[in-house]
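> So you can see what is in the structure, the chains are spelled out below.
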Amino acid sequence: MDKKQKRNRLREIKKFNNKKYTQYIKTQKRRFIPESEYLVTMQNNNNLLEIDDLKAYFYTDIGTVKAVDGVTFNVPFGKTVGIVGESGCGKSVTSLAIMRLLQNPQGQIAGGSIRFNQLSKNRAVNIPKMPLSEIQKIRGNEIAMIFQEPMTSLNPVFTIGYQIDESIRLHNPNLKKSQVRDRCIEMLNLVGIARAEGIYKNYPHELSGGMRQRVMIAMALSCDPQLIIADEPTTALDVTIQAQILDLLKKLKEKINSSIMLITHDLGVIAEMADYVIVMYAGKIVEQGTAEDIFYNPAHPYTVGLMKSRPSLNADQERLYSIPGNVPNPIYLPSYCYYKNRCEFSTDQCSGKYPQILSLSDTHKVSCFNPVREKVLIGGNNG
Amino acid sequence: MDNNNLVEVRNLKTYFPIKTGVLQRTSGFVKAVDDVSFTIKKGRTLGLVGESGCGKTTIGRTILRLIPHTAGEVFIDKIDIFSMKHNELRKMRDKFQIIFQDPYSSLNPRLPVGEIVGEAVREHKIEEYVGEAVREHKVVDKKEYRSYIMKVLEDCGLSSHFVDRYPHEFSGGQRQRICIARALALKPKLIVADEPVSALDVSIQAQIINLLKELQEKRDLTYLFISHDLSVVEYISDTVAVMYLGNIVEMSPKKKLFSNPLHPYTEALLSAVPYPDPAMRYTKKRIILKGDIPSPANPPSGCRFHTRCPYAKKICSEQVPEYREIFPEHFCMCHKANGVF
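So the sequences go chain by chain: A and B.
In this text, residue positions in the first sequence follow the numbering used here: the first is 1, and each later residue adds one.
In this text, residue positions in the second sequence follow the numbering used here: the first is 1, and each later residue adds one.
Because the hints were derived from the structure by calculation, they are not lab data.
Treat the hints loosely; a few may be bogus.
Computed cross-link-like contacts, BS3-like style, restricted to lysine-lysine with a CA-CA straight-line distance of at most 27 angstroms [to be verified]:
id, chain 1, residue 1, chain 2, residue 2
1, A, K255, B, K285
2, B, K284, A, K250
3, A, K251, B, K285
4, A, K19, A, K4
5, B, K41, B, K218
6, B, K284, A, K251
7, A, K79, B, K41
8, A, K20, A, K129
9, B, K41, A, K255
10, B, K313, A, K253
11, B, K41, A, K253
12, B, K41, B, K313
13, A, K250, B, K218
14, B, K284, B, K254
15, B, K256, B, K187
16, A, K79, A, K20
17, A, K201, B, K41
18, A, K253, B, K13
19, A, K201, A, K79
Build out the structure end to end from the sequences listed, making use of the hints.
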């Protein structure tokens, strides 16, 4: 009987998924999508990107994974927004959704809007509703992405030059071949590669990890994007190289005046780079605010736990604080606060609904019933 | 030899041959570890830090004779590891164990956890039955075997009913706990922990580090802790050694090293660590090293760090600096710290 129930359940899931897939493919097949369907107005014209109640789901064989479930935040012009969270909390999926790069038809944007202020055409667009041909004009041109692993994101059978040239050529069809090459070498010089002419002809395997990451950055910046999405740009690198890359990103941001969305799990990197910080947990934003808000007055117990569990230099710590338990299973998420079972401040109220977003100040928002009010001294402060 | 020292490494060298051509002639050597000496006291932790490719992992593996050495001596518990025969070494292996970096690839996916943890216990027990080298603590009966494994799992913060499960059913943190249990099951004296937390999330990292510390107190273990994360190393170690291109460039008790780094490389490493404090952005001075780590197959002449060193002078490219005790227990390999200029 038990087995039968299980089989029926799986069958139901499959039916449901198939329905979703066909629906998705149908929408993809639409030839002519009128502009009016995806043109929108920005809520605030100082924002480059506005994400409103974004939902990105994966329809897998064992159930629906709500990787991103109702995420709302803005990226203002010329600012750096940092997203922190543990692996599997949906930070990468958010960025892939913005680029419309989710693995489809399994992964889909199930709801919400991503409004992008397209300055070059003087209009604002809703990315999930756009046809693919329009998206391709934005991808790499106005929104560029630096991927996580430089080792695997470069194509091993093409030279560095060819790979960077490709995006320049696609987005600037009027340029001559020699101009494209000059632009590519200029980009390589910009990211601090010493012998750019030589590297132009090299293959990815001939470069070290730090160099490959620079190439990735050069590629992302080659069309002067307005928004750079950096998905764990330094995770695979050593600290000294990490310092170089972060320094480079900061300088470049000032030079071409773009916004950065920085995704990382390292609070130190966030503190160094970000103006605004977003803390994600199990597909939802648990806390957001300016860097000062988050680092000096963390309000969500999870943020506090994250800060305390990181050993920091020059701090006398007898025992590291560790958050008990694990992240909940993304398929069977509870109806109450996802962090409740690991939280030390949980009360009876926490077993009810998922907590609403609470504004602590103009910039600081937290999704918790009993936010931590006292100041938490971070170990690094006295260093 | 000092009685308190569990591990003593003298002038260890590990070179890997570079083979080229159809005939696979040796055309050169990658000097992964080049003349390294250090000691670890009983019940203490030596932290080994450095960038990738500097030879940290090679040291860890050479000490356990998982990689053939080129020159030098290693004594673990007063036994010369390199002069041992293979079958002798195999029997000795229960005294020193290793925890690998990636808990996802270092567990056999086809064995249940009990078997992974217990395999080695059983192996050494069989030798026990054969009657060689009586080791009191390793007498585990067939009946006791299972309960012993369960106890080890519980010691490592896993529940005992995990014995019959397979590795894919566990999360990263739990897998790393299984790896630790596997190392602990033989009641070793020395554990080489090769980046045990770098593949884990921050909140899980703290759990594993705490576990390692607890076990050290309970069982009087000695660790060689290899990591590239300075803050983790600072937290867990008693002594810290900084490596660069196959050499230990600085070694001292952790407090001295972190408050008063002598070698410019250590200084740069420390300043490169990002602090979780947004105000430090404006106040902190950071030394940003130029370029990449040079190839160990063709290391720079003189001081190996001189190509990236902000203080480098002419002498640095000509003479190899002496590895010297500059303050008591504080060793450094640098012309500047040695007072040459």
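> A separate judgement is required for each hint: does it hold in the structure or not?
Okay, the hints, checked on the actual structure:
For the proposed pair A/K255 and B/K285, the alpha carbon gap of about 22 angstroms is at most 27 angstroms, so the pair holds. Between B/K284 and A/K250 the CA atoms are separated by roughly 15 angstroms; this keeps the pair inside 27 angstroms, and the hint holds. A hinted pair counts as satisfied when its Cα atoms are at most 27 angstroms apart, and A/K251 with B/K285 qualifies at roughly 16 angstroms. Among the hinted pairs, A/K19 with A/K4 is consistent with the structure: their alpha-carbon atoms are about 23 angstroms apart, no more than 27 angstroms.
Between B/K41 and B/K218 the CA atoms are separated by roughly 17 angstroms; this keeps the pair inside 27 angstroms, and the hint holds. For the given pair, B/K284 sits about 17 angstroms from A/K251 by alpha-carbon distance, which is consistent with the 27 angstroms threshold. The suggested pairing of A/K79 with B/K41 is violated, with an alpha-carbon distance near 50 angstroms, which exceeds 27 angstroms. Among the hinted pairs, A/K20 with A/K129 is consistent with the structure: their alpha-carbon atoms are about 17 angstroms apart, no more than 27 angstroms.
For a cut-off of 27 angstroms, the pair hint linking B/K41 to A/K255 is broken: about 52 angstroms separates their Cα positions. Proximity of B/K313 to A/K253 is assessed by CA-CA distance (about 35 angstroms); at most 27 angstroms being required, the pair is judged violated. Straight-line distance between C-alpha atoms of B/K41 and A/K253 comes to about 49 angstroms, which puts the hinted pair past the 27 angstroms bound. Distance restraint check for B/K41 and B/K313: the Cα-Cα separation of roughly 37 angstroms exceeds the 27 angstroms cut-off, and the hinted pair is therefore not satisfied.
A hinted pair counts as satisfied when its Cα atoms are at most 27 angstroms apart, and A/K250 with B/K218 does not qualify at roughly 47 angstroms. In summary, the hint linking B/K284 to B/K254 is supported, as the alpha carbons are separated by about 21 angstroms, within the 27 angstroms threshold. Pair hint B/K256 plus B/K187 does not hold up; C-alpha atoms about 32 angstroms apart against a cutoff of 27 angstroms. Restraint check for A/K79 and A/K20: not satisfied, since their Cα atoms lie roughly 37 angstroms apart, outside the 27 angstroms limit.
This hinted pair does not check out: A/K201 and B/K41 have alpha carbons roughly 52 angstroms apart, beyond 27 angstroms. With a C-alpha separation of about 45 angstroms, the suggested pairing of A/K253 with B/K13 is violated against the 27 angstroms cut-off. For the given pair, A/K201 sits about 35 angstroms from A/K79 by alpha-carbon distance, which is inconsistent with the 27 angstroms threshold.
In summary, the structure is inconsistent with hints 7, 9, 10, 11, 12, 13, 15, 16, 17, 18, 19 from the numbered list given earlier, while agreeing with the others.
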